[in-house]
Amino acid sequence: MRFELMYESFFKIIEGIPLTLQVVSISTVLGLALAIIVALMRISGKKSMSIPAYYFVYLIRGTPLLLQLYFVYYGLGQFSFIRESILWPILKEPYWCGIITLTISTGAYSSEIIRGGILSVSKNFIEASGALGLNKIKTFLLITLPITVRQALPAYGNELILMVKASSLISIITLMEITGIARTIISKTYAPVEIFLVAGSIYLIINFIIVLAVGLAERKLGTVKAN
Amino acid sequence: MFEVFSFGSSGWGDEMLMGALMTVLVSASSLLLGILIGIIFAACKLSNIFILKIIANTYTTIIRGIPELLVIYLLFFGGSGAVMYIAKIFGYDGYIELNAFTIGTIAVGAISGAYSTEVIRGAVNSVHKGQFEAGKTLGLNGYGLYGRVIFPQVARIALPGIGNVWQITLKDTALISVTGLVEIMRQSRIAAGSTHEPFIFYTAAIILYLVITRLSNILFDKAENTYSKGFISKGAR
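As they're listed, the protein sequences go chains A and B.
Quick note: the first sequence uses this note's numbering, first residue 1, plus one each step.
Quick note: the second sequence uses this note's numbering, first residue 228, plus one each step.
Hints were generated in silico from the structure; no laboratory data involved.
Since the model is a prediction, treat every value here as computed from it, not as a measurement.
All the given hints hold, so there is nothing to weed out.
Straight line, CA to CA, 25 Å or less: simulated SDA-like cross-link-like pairs of lysine to any residue:
{"#": "1", "chain 1": "B", "residue 1": "Lys449", "chain 2": "A", "residue 2": "Leu59"}
{"#": "2", "chain 1": "B", "residue 1": "Lys356", "chain 2": "B", "residue 2": "Asn284"}
{"#": "3", "chain 1": "A", "residue 1": "Lys188", "chain 2": "B", "residue 2": "Ala309"}
{"#": "4", "chain 1": "A", "residue 1": "Lys188", "chain 2": "B", "residue 2": "Gly321"}
{"#": "5", "chain 1": "B", "residue 1": "Lys315", "chain 2": "A", "residue 2": "Ser187"}
{"#": "6", "chain 1": "A", "residue 1": "Lys92", "chain 2": "B", "residue 2": "Ile433"}
{"#": "7", "chain 1": "A", "residue 1": "Lys188", "chain 2": "B", "residue 2": "Thr406"}
{"#": "8", "chain 1": "B", "residue 1": "Lys272", "chain 2": "A", "residue 2": "Asn158"}
{"#": "9", "chain 1": "B", "residue 1": "Lys272", "chain 2": "A", "residue 2": "Ile205"}
{"#": "10", "chain 1": "B", "residue 1": "Lys272", "chain 2": "A", "residue 2": "Ile161"}
{"#": "11", "chain 1": "B", "residue 1": "Lys356", "chain 2": "B", "residue 2": "Pro387"}
{"#": "12", "chain 1": "B", "residue 1": "Lys272", "chain 2": "A", "residue 2": "Leu212"}
{"#": "13", "chain 1": "B", "residue 1": "Lys449", "chain 2": "A", "residue 2": "Tyr55"}
{"#": "14", "chain 1": "B", "residue 1": "Lys315", "chain 2": "A", "residue 2": "Thr189"}
{"#": "15", "chain 1": "B", "residue 1": "Lys315", "chain 2": "A", "residue 2": "Leu197"}
{"#": "16", "chain 1": "A", "residue 1": "Lys188", "chain 2": "B", "residue 2": "Tyr322"}
{"#": "17", "chain 1": "B", "residue 1": "Lys280", "chain 2": "A", "residue 2": "Phe196"}
So, partial list: chain A residues that the calculated Cβ filter (under 8 Å) puts toward chain B:
{"#": "18", "residue": "Leu67"}
{"#": "19", "residue": "Phe71"}
{"#": "20", "residue": "Phe79"}
{"#": "21", "residue": "Lys165"}
{"#": "22", "residue": "Ser168"}
{"#": "23", "residue": "Thr179"}
Note that the Cβ used here is the ideal one computed from N, Cα and C, for glycine as well.
With the hints as constraints, model all of the structure from the sequences given.
In structure tokens:
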């Protein structure tokens with residue numbers, strides 16, 4: 001064990017934390033919006049809405065994230081009409097390609113969590129809300145949504161951890177976040193175990209904080225009785 | 228447009244299919260290794276020995292909290308060194324290099340092992356207590372009890388979970404393309420680079436993954452139906 005190297009590399013690797021957190025938080029927020037849309041499309045009952053949503057989720061969940069990343073970063077840039085479009089300043093940046101890919105990915109996975117959450121809201125609540133004279137929109141906002149948030153929270157916490165882990169892939173498209181810096185140091189110093197321990201601990205700490213925060217939010221929101 | 232996928236030396240069709248075969252092979256061997264690891268660590272977690280529980284919990288926590296890519300880098304850069312270190316203890320002093328397939332299998336196997344551990348642990352826990360008691364009453368112990376009575380039931384209950392682990396494992400093997408193993412991901416990268424047609428080759432890769440996922444779904448559903456004969460009806464799914 002080369003502790004001095006671990007000490008030095010720790011200060012280099014933590015410089016990657018802001019980028020990791022930035023990419024994760026931007027794509028989580030955008031992905032959540034996408035997930036809500038996809039989940040609502042899937043439970044809308046209209047085939048023209050639910051079928052595209054189903055295949056979108058199927059496509060994203062059935063393929064590796066790395067492939068999606070390559071597809072967005074290398075695949076789309078092949079066409080001249082994309083290179084000449086107004087989207088090109090965004091699509092040529094690895095940073096935005098990473099965010100787009102992670103957004104789409106988490107959007108698909110979380111839409112299933114949200115769908116499960118919405119479907120878990122008991123019919124009795126909806127009927128009771130109708131009996132009290134609330135209309136559909138009010139029922140959704142005041143009854144369904146808060147219960148969905150509570151029900152989906154534990155699974156969504158897992159999804160957040162998966163997002164932190166998934167963000168390591170953007171190092172492959174040249175972005176220097178935690179894993180990217182760790183990889184560079186490994187290939188320079190050839191000390192894989194030491195660097196793994198340093199970078200791995202940083203990830204574990206980030207994920208541990210997420211677990212604590214989600215646990216706190218769960219307790220704060222209380223429990224929903226099943227019926 | 229499709230002539231790039233012709234077979235033989237002029238096109239990439241046969242190479243892509245070989246890549247798909249490699250993905251299936253490395254996924255299958257990783258899954259098997261993972262199940263083996265899963266059985267061992269599930270036994271540790273279910274044992275009454277404190278230190279074994281700690282080891283198993285540390286393993287699953289680390290694997291589930293650290294990016295797969297880091298684990299792969301650790302084994303890719305450190306795997307040969309570790310093997311040579313162990314060989315030195317046994318008196319062998321030469322240079323040993325692990326090939327990409329072995330490293331990939333060990334790396335993805337270690338990752339999928341953590342998920343298998345949880346699946347198998349859950350399955351053992353859901354075997355009815357009466358089964359253990361009845362087995363003991365019949366005078367069975369050790370292999371007789373666990374091998375002949377408990378394991379077949381665990382296998383049946385764990386099958387859907389192992390199906391999920393298979394899907395995760397299949398997708399994780401894409402990451403070992405960074406170590407140079409020529410599977411779907413690596414092959415499509417090579418082809419995209421040499422033909423300057425990234426879009427079409429990555430689309431082909433997406434289709435190959437979806438086909439493999441779909442086929443394995445069908446196989447797992449069939450296996451589930453076969454092994455749950457006489458138990459619960461599967462109901463609406």
